[in-house]
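There are 2 protein chains.
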Amino acid sequence: MRNVSKHEIDSASIPQLKQLCEEIRSEIFCTVSSCGGHLSSNLGVVELTVALHRVFDFPHDKIVFDVGHQCYPHKLLSGRAENFHTLRKAGGISGFPKRNESIYDCYDTGHAGTALSAALGIAKARDLKHENFEIVALIGDGSFNNGLIFEALNSLRILNTRVLIILNDNGMSISPTVGGTHEVLKDMKDGAASIDDVRLFERFGLSYMGVFNGNDFNELLPALEQAKERLNSQNVLLHVCTKKGQGYAFCEHEPQETHGISPHAKDITRKEYSHALGEELSLLAATDERIVAVTAAMTDSLGLRDFFNSYPERAFDVGICEEHASVLCAALATQGLKPYYAIYSTFLQRAFDEIIHDVCGQDLPVTFCIDRAGITGADGETHQGVFDLSYLSLIPNLTIAIPKDIGEFRAMLRLSQNYSHPLAIRYPRAGIESAPNHVEIGKCELLHSTLSDIIVFAAGETGISIAENVRNKVQKEGIDFTIVNARFLKPIDAELLLSRKEKYVITIEDNALIGGLGDAINRFYLNSGKIICNFGYRDAFIPHGDISLLQTQYGLNEDKILECIRKFYACR
Amino acid sequence: MRNVSKHEIDSASIPQLKQLCEEIRSEIFCTVSSCGGHLSSNLGVVELTVALHRVFDFPHDKIVFDVGHQCYPHKLLSGRAENFHTLRKAGGISGFPKRNESIYDCYDTGHAGTALSAALGIAKARDLKHENFEIVALIGDGSFNNGLIFEALNSLRILNTRVLIILNDNGMSISPTVGGTHEVLKDMKDGAASIDDVRLFERFGLSYMGVFNGNDFNELLPALEQAKERLNSQNVLLHVCTKKGQGYAFCEHEPQETHGISPHAKDITRKEYSHALGEELSLLAATDERIVAVTAAMTDSLGLRDFFNSYPERAFDVGICEEHASVLCAALATQGLKPYYAIYSTFLQRAFDEIIHDVCGQDLPVTFCIDRAGITGADGETHQGVFDLSYLSLIPNLTIAIPKDIGEFRAMLRLSQNYSHPLAIRYPRAGIESAPNHVEIGKCELLHSTLSDIIVFAAGETGISIAENVRNKVQKEGIDFTIVNARFLKPIDAELLLSRKEKYVITIEDNALIGGLGDAINRFYLNSGKIICNFGYRDAFIPHGDISLLQTQYGLNEDKILECIRKFYACR
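Heads up: the sequence lines are chains A and B, in that order.
This note's numbering puts the first residue of the first sequence at 732, with every later residue one more than the last.
This note's numbering puts the first residue of the second sequence at 732, with every later residue one more than the last.
Be careful, since some hints might not be right.
Note: identical chains are not told apart, hence a pair may lie in one copy or across any two.
Stated by the list, open to error - BS3-like cross-link-like pairs, simulated, lysine-lysine; straight-line CA separation at most 30 Å:
hint, residue 1, residue 2
1, LYS920, LYS820
2, LYS1232, LYS1261
3, LYS920, LYS1204
4, LYS1207, LYS1298
5, LYS1174, LYS1234
6, LYS1291, LYS1261
7, LYS749, LYS1002
8, LYS1232, LYS737
9, LYS1234, LYS1298
Bear in mind the hints are in silico, worked out from the structure with no lab data behind them.
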């Protein structure tokens, strides 16, 4: 698609604006079909974004996107149309707002609920610097469940500045939106809300305007103009309804399935861990009434739809509320239930304090099923799951398991059923299916035992497959080494570690080097005289790109490991 | 005070209940005067707690306290009166609810905002197990600002169970409550609220009852009876007003100053770091308009009252909203301002994701002033600041500074003014004042350089004072060692570390062993042939007790360090 100037947008007729929307939709549809990315969420906000670019003057005015699953039209209208075909590719356009990509992006996002706090900070800075521009926070109704948004709403009166909040209400986060806030919004859309709801917003320091059709320029443009006018004297909440997937019948009918799109045909040799989670939990739940499952707005992508359908009374999707979900699990566990909290690695960061304070502080048998661990690829910095081993390791009472494949994952889930302490199981999105093996808490597995003086401790599917690849290569050179499946990072397998006599030790993990498996092995073998080399990710935020390329670039480089093995072999 | 039976409370006349309240107040006042603890918050809820013990049947029914600053009357009425004089002492009664202390405590707390999620989890478990008891969540209005409470409110309709929320509204958290929620509550108290506010609660799945005088049995008892009745069919929010400090004129007039009480006369040789923070920030702000300060409801205890008074337009107390405060700082920094976010170590855990996602992910110059680091003593497990070096170390782009005394802290704050990356400075509550020295980012300080083959890397005031003490002792034996003030954990001082030729290395830090300074030194000196010994806290939650005793018990044992030095000396 060609780049479009502000002047063109400003001078276009409504039919011309509609034509522009068609171009934008077509570009998004084509690009996402080939690159993957967020589809329906972006299709829904095309008119809204065009209208915003007409009424406001970006980048002089600023726009903050909550999460960022709806920023593609903005990218296309801010000089990035001609590059848009590089979406989510290494070095190409990011799928999320990025300050270092364009001056039209004023704040980086990726996790939910940050936009209002960010907009308020920018607004307050503007006031202090006596500058004059407008700030828009575009927030989906799914994010309005999140505690962080509420904390920001609560502080509107404290901060005493002016921002425009656009509540983009499509009734969905990734899954349909749930909860009390959603009920209130539904009432407002249904016309069941009263003047008093408006008064409530006023008490929080907001002038409410709504509800407008966010896919219709005839409603949108005057509403935005009026909101901009009001913004001179107060904070404004503009409530617009949009249709997720608008413009493509299939997306409109299946907004959940088309929220995010994977670019390539599925690799049939690799299965999703989430599928195994769903199967195993359903099996366990069939004979164990203590089993309950909790998710934070991602039931489908975590593989739990069938569980939710089969055991609706024992399945809780609490919306984008990662902290609340943790405490809820802790409390369920105090009463003898067996909660499984399924979540992506990067989003669990939100519940860090609750893992410590509520779950592990009380030593409660909550099982964290941590999906999308390791480098996740095309979503970039805000979605890599490379910190979990580090931030979990430091927590007392927590057992940390890293399955080597899906069979072992199943075995760990079965083991967890009668385990009476907090347990974290972290795994990547996809991997190899296999028969469930025998797993014991805190016991690692000797995968290849050799007489060599070199031993590799490898964690998880990524670590182990790299170790195996390297082994296949060096075996041709007459070199061999022992491989341990470091399937429990905590408690560490002291017995096995003490028993190993190899002088040369290598650790491989799909996690940041700081604080992970490598550090644990270093600590254990301190002063042992062993020569150790750690492979994991260097201390950096890892951008979007191809998973295996990023792994290589950021520290899991097979050639370097090979080199290290050869060096060790030569030193013997 | 004697233990009081449920039967006594049930059969007492109102004058007898009042008499009981006097006894409870007197016991709390005397005990807190000698042991320290939370005073005004507990004095305010005496009648409420007595009334709850009359209307409900604990421990069959359950009560969850938010934070726990108001649980003393409950402890006195649940068989712990005769032991109450051991409050906050090692092995004695905890200042917070503790499941392992009494079956009357069903959920451990210490951080704000968890009570409603916890109550809902317990209620849901009750329903699934077909049990029959009532659950009360006692929540102060200060906590109602917290995002976690909102997430739990949002899920009332999802979870479909029944709990009684008592909103204990005294207009205060530790500081006066602030924000939009507070405005709404104030309206309700002032009678300015309408039937529609009640309807709003109903949409969230709550039946609202209020406002009642929480210090008056004649209002309280019938209100609680009615709430209990309603609880048969729905969730209930009972809004009661209490007077913080009730019963002691000084506490009523100075609720903020008497919220928490220290037991002993002040050690005049030790100053508060918070005082230096206030002084330095005020000085910097006088000539630098970029400086802004942000707190989450603890302005006074962080030393920033004067700053807030002098620069009200650049000072933001956002209430108990640690996450929002972080994002706000990040956004202010995107616009060229210089935010200082002052917070206790343990509470910063709440903002872990925002430190990663918002501040460090965008490499923004926010300075975290992290008070109460290390073992903090009498508040116990939920308040020890022993994880921060670990959870901060793993975050890219973050510089971590650990001042050795207050002078160095001042120097670091001055240095921070023109530092353009995220910076965390962590320090204990109190320490030694000194003249500000010269500090450079990433440069450690050689405190005592000797010709010995032993070097000690000590972090912070606690680490260094232990190192100095040990040195004073071994010097009498003719042994000496070098001491490095490891004032930057990140970036590590590679130049200094590489230059040191000592074979024997010791690390000392007032932090968990996992993930802290020790691990960083181990990683750096991997395969160097050095013999290393790490001293820090073992992998456990550290209970309440005397600070220096706990330090010794959990891993900073001077005798063991002494022993290690002697062993190293003998090995040379």
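- Message: Please list, smallest to largest, the hint numbers that this structure does not respect.
- Response: Numbers 1, 3, 7 and 8, in rising order.
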